[in-house]
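With chain A held as given, fit chain B onto it using these hints.
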Amino acid sequence: MSTLTGKAWVIPNDYINTDAMMPHRGYDMAPREQESLVLATIRPGWAMLVQPGDILITGRAFGTGSSRPAPTMLTRLGIAAVVSESVGEIFFRNCVSYALPVLELPGVLSIVTEGDTVSVDIELGTFDNRTTGVSARGEAMPSMLLDTIAAGGTHAVLRRDGYL
Amino acid sequence: MVHKVLAARSGLAEVHPGQIVVTDVDLIVLADSVFNPEPERLPTDIKKVAHPERIAVLMDHAVPAPNIKYATAHKRAREHAKRLGFGRMAEVGKGGIEHQLIFEECLALPGQLVASNDSHTSAAGVLNCAARGLGMADIIQLACTGKTWYKVSPTIKFRLEGSLPFGVYGKDVFLHIAQLYGSQEGHDIEFEGPGLESMPLDDRATLSTMCTELNANFVMMPADRLVREHIASVTDAPYIPVEADEDAEYAAIYVVNLDDISSGIAMPNAMNRNVRSASSIGEERIAIDQAFIGSCANGKLSDLRVAADIVRGKRVAEGVRFIVTPGSQQIYLDAIRLGYIETLAAAGALVTSSTCGACAGGHMGVLAAGEVCITSSTRNFKGRMGSPDAEIYMGSSAAVAASALAGYIADPMPALLALRDTARESA
Numbered sequence: 001m002s003t004l005t006g007k008a009w010v011i012p013n014d015y016i017n018t019d020a021m022m023p024h025r026g027y028d029m030a031p032r033e034q035e036s037l038v039l040a041t042i043r044p045g046w047a048m049l050v051q052p053g054d055i056l057i058t059g060r061a062f063g064t065g066s067s068r069p070a071p072t073m074l075t076r077l078g079i080a081a082v083v084s085e086s087v088g089e090i091f092f093r094n095c096v097s098y099a100l101p102v103l104e105l106p107g108v109l110s111i112v113t114e115g116d117t118v119s120v121d122i123e124l125g126t127f128d129n130r131t132t133g134v135s136a137r138g139e140a141m142p143s144m145l146l147d148t149i150a151a152g153g154t155h156a157v158l159r160r161d162g163y164l
Numbered sequence: 001m002v003h004k005v006l007a008a009r010s011g012l013a014e015v016h017p018g019q020i021v022v023t024d025v026d027l028i029v030l031a032d033s034v035f036n037p038e039p040e041r042l043p044t045d046i047k048k049v050a051h052p053e054r055i056a057v058l059m060d061h062a063v064p065a066p067n068i069k070y071a072t073a074h075k076r077a078r079e080h081a082k083r084l085g086f087g088r089m090a091e092v093g094k095g096g097i098e099h100q101l102i103f104e105e106c107l108a109l110p111g112q113l114v115a116s117n118d119s120h121t122s123a124a125g126v127l128n129c130a131a132r133g134l135g136m137a138d139i140i141q142l143a144c145t146g147k148t149w150y151k152v153s154p155t156i157k158f159r160l161e162g163s164l165p166f167g168v169y170g171k172d173v174f175l176h177i178a179q180l181y182g183s184q185e186g187h188d189i190e191f192e193g194p195g196l197e198s199m200p201l202d203d204r205a206t207l208s209t210m211c212t213e214l215n216a217n218f219v220m221m222p223a224d225r226l227v228r229e230h231i232a233s234v235t236d237a238p239y240i241p242v243e244a245d246e247d248a249e250y251a252a253i254y255v256v257n258l259d260d261i262s263s264g265i266a267m268p269n270a271m272n273r274n275v276r277s278a279s280s281i282g283e284e285r286i287a288i289d290q291a292f293i294g295s296c297a298n299g300k301l302s303d304l305r306v307a308a309d310i311v312r313g314k315r316v317a318e319g320v321r322f323i324v325t326p327g328s329q330q331i332y333l334d335a336i337r338l339g340y341i342e343t344l345a346a347a348g349a350l351v352t353s354s355t356c357g358a359c360a361g362g363h364m365g366v367l368a369a370g371e372v373c374i375t376s377s378t379r380n381f382k383g384r385m386g387s388p389d390a391e392i393y394m395g396s397s398a399a400v401a402a403s404a405l406a407g408y409i410a411d412p413m414p415a416l417l418a419l420r421d422t423a424r425e426s427a
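Just so you know, the protein sequences line up as chains A and B, in that order. Using the numbering used here, the first residue of the first sequence is number 1, and each one after it goes up by one. Using the numbering used here, the first residue of the second sequence is number 1, and each one after it goes up by one.
Careful: at least some of the hints might be erroneous.
Pair ranges (Cβ atoms, derived) [said to hold, decoys possible]:
#, chain 1, residue 1, chain 2, residue 2, range
1, A, Pro-31, B, Lys-147, 29 to 35 angstroms
2, B, Arg-276, A, Asn-13, 20 to 26 angstroms
3, A, Asn-13, B, Ala-71, 35 to 41 angstroms
If you're looking for bench data, these hints aren't it; they were derived computationally from the structure. In this text the structure is predicted, and so the values were computed from the model without any measurement. Beta carbons: idealized from backbone N, C-alpha and C, even for Gly.
Chain A extracted, bound-state conformation:
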């Protein structure tokens, strides 16, 4: 996978849960209305400001709680990658399944200011703040999981293999 470069949004709260990204009350709303609810209880109005290619920087255990497919809400907003101090385990799996590049990078909040231009390469586990010149390295994503993301997610793999 290639390096992704975009403008950083920083939502530093720890333990942001998936109810906050994909609340049940939005399930029956029109798509745009549902998208406007993403993290709206934490940062009202943010969802509508995201531009395609932006990169989201978050705190510890991002995406705890329910197993709902919350990464799809971020990709619908145009978020190209998530870089977090750490990521909830089911949410991490869902990022892989729904082809949202994700990097766990302890310390990331201390090297990014919102609006910086940042680059992330999940294959290498590297992160560069292009605005400040500061770099950091997390764990490279295992090839099995990279393959799923590169194929467009689990549903695409299952269609390719004749299961769906």
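Using the frame of chain A, we list chain B on its own:
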């Protein structure tokens, strides 16, 4: 214990934290929510599955169907179960909440690996299963291919000493741990000790379920005498329990004395490090609009029993709606036979069909802006049960029932002590 199960199911001699393993899974549970025809769920039908006998469709998230979307999902679930020959299909009215059914029907047995798309799958840890929730796409892939992957986690052990005090429940044990130890993200949790053995299975199941809210991955408890007796009452299928090795490595070992625990209440929006004692909150008389007992964590027969005992001969407070959702059809039936439902309904409680219901904010008790709820269900996140401008407190089912009568968040202990005194007098 978890590492042993993962090693066995992946065909490896041993596994280590950080390693990614590909495994078979003994029980694969699909909730009704999988079958919604949205792109991220199941947009097209499954054509083939690897091990249909290992797959169970347990319809619970929205039962009976509250809208056309769920009605369609239920229809598709039935079609899939029939066409592909799934091992178990819990029809509306013949099942209940999946985690309750796994326990009640022993759909998985000690030493087995259990997966579901629901995050509270750690519930099956009470049966000495290695169980945790996966994602929606994960569970579809697992159903199709028979395989999934896990990143092996380090383990934290909670050793429970003492015994469960009078008027203290599994929910209070969880709240105590959430307050003292907080989030355990990135770790599996194992329980052991005489305190655990002193806990009834319902309370252990609540604790196992609620460990998802400590952000734990797998949760496991040993298969002691109570667990084995429960299984023997349901099935004579063979199983091999898994035990922790004497020299097993733990990231941390915490000792919790159950004697130190009292009735707790989680304040709104979070559970970890956000718990206070029910006796102190009771003094503040925080008015409530709704009281809810239910969910995979606390829709058990013992929850309905304590609620019925507390409200017997009394009336739910003016301006409060008290909603009780049994965890399964079997619990509903047992509660009818034992008179609990009559007692609850006579007191002004609404007893619903078995479903996730109000816990997930989908239907059967959604909160409006500005409302206050006390619940014994699984989560008090902002907006979880409806409006993000509602406040959700969490306590044991006894605390919920006592609050429903008082009209404000109440310490259940005075009501429980009065019940004990009455019982002693009549004896």
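Outcome of the hint check:
no.	hint	verdict
1	A:Pro-31 <-> B:Lys-147: 29 to 35 angstroms	holds, 33 angstroms
2	B:Arg-276 <-> A:Asn-13: 20 to 26 angstroms	holds, 22 angstroms
3	A:Asn-13 <-> B:Ala-71: 35 to 41 angstroms	holds, 37 angstroms
Hint compliance for this structure: every hint is met.
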